[in-house]
Amino acid sequence: MGLVETDENHPVLGNIKQALEALVQQRYLQKDKVSGPEGNTTFYELAERALDGPVSEKIKEHISQIVNKDVTYVDAD
Numbered sequence: 001m002g003l004v005e006t007d008e009n010h011p012v013l014g015n016i017k018q019a020l021e022a023l024v025q026q027r028y029l030q031k032d033k034v035s036g037p038e039g040n041t042t043f044y045e046l047a048e049r050a051l052d053g054p055v056s057e058k059i060k061e062h063i064s065q066i067v068n069k070d071v072t073y074v075d076a077d
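Oh and the sequence shown: position 77 is 77 in our numbering, straight run, nothing missing.
There could be a bad hint or two in this list.
Claimed, not checked - Below, in silico cross-link-like pairs of lysine-lysine (DSS-like), each with a Cα-Cα straight-line distance of 27 Å or less:
id, residue 1, residue 2
1, K33, K17
2, K60, K17
3, K58, K17
4, K58, K33
5, K31, K17
6, K31, K60
7, K31, K58
8, K60, K33
Unchecked claim - Taking CB as the label site, the calculated pair distances span:
id, residue 1, residue 2, range
9, Q18, Q65, 15 to 21 Å
10, S64, F43, 28 to 34 Å
11, Q18, I63, 17 to 23 Å
12, S64, P37, 31 to 37 Å
13, S35, P11, 20 to 26 Å
14, G39, L3, 15 to 21 Å
Bear in mind the hints are in silico, worked out from the structure with no lab data behind them. Just so you know, these numbers come straight off a predicted model, no measurement behind them. Don't be surprised by glycine CBs; every beta carbon is placed ideally from N, CA and C.
My request is simple: use the sequences and hints to build the entire structure.
Rendered as structure tokens:
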């Protein structure tokens, strides 16, 4: 999404690291650290609370606003 974890003054999220950690604690995001040839990388993916239908749609809308792109909805069923 183009977010930098060390950014403390994001216009929407404020302190990125704190915002991401809050979403992880609330089970909207799952945080995975992967060791690779280029060092450690942190990945975030949707967790169980974010996969709920109405919540998932709202998250997609917010992400699309942050990255300024249109979002296409695909039914997972």
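Evaluation of the provided hints:
This hinted pair checks out: K33 and K17 have alpha carbons roughly 15 Å apart, not beyond 27 Å. Note on K60 and K17: the hinted pairing holds, with a Cα-Cα distance of about 20 Å set against a maximum of 27 Å. Straight-line distance between C-alpha atoms of K58 and K17 comes to about 21 Å, which keeps the hinted pair within the 27 Å bound. For a cut-off of 27 Å, the pair hint linking K58 to K33 stands: about 26 Å separates their Cα positions.
With a C-alpha separation of about 12 Å, the suggested pair K31 and K17 falls inside the 27 Å cut-off, and the hint holds. Between K31 and K60 the alpha-carbon distance is near 18 Å, which keeps this suggested pair within the 27 Å criterion. Under the criterion of a C-alpha separation no larger than 27 Å, the hint pairing K31 with K58 is consistent with the structure, at around 20 Å. Of the pairs offered as hints, the one joining K60 and K33 holds, with about 23 Å between alpha carbons and a cut-off of 27 Å not exceeded.
Take Q18 and Q65: their Cβ atoms lie about 20 Å apart, and the range 15 to 21 Å holds. Separated by about 20 Å at the C-beta atoms, S64 and F43 break the suggested range of 28 to 34 Å. At about 18 Å, the beta-carbon gap between Q18 and I63 stays in the expected band of 17 to 23 Å. Roughly 32 Å separates the CB atoms of S64 and P37, a value that falls within the hinted 31 to 37 Å.
In this structure, S35 and P11 break the distance hint of 20 to 26 Å, their C-beta atoms being roughly 33 Å apart. A hinted range of 15 to 21 Å for the beta carbons of G39 and L3 is consistent with their spacing of about 18 Å.
Checked against the numbered hints above, the structure breaks hints 10 and 13 and satisfies the rest.
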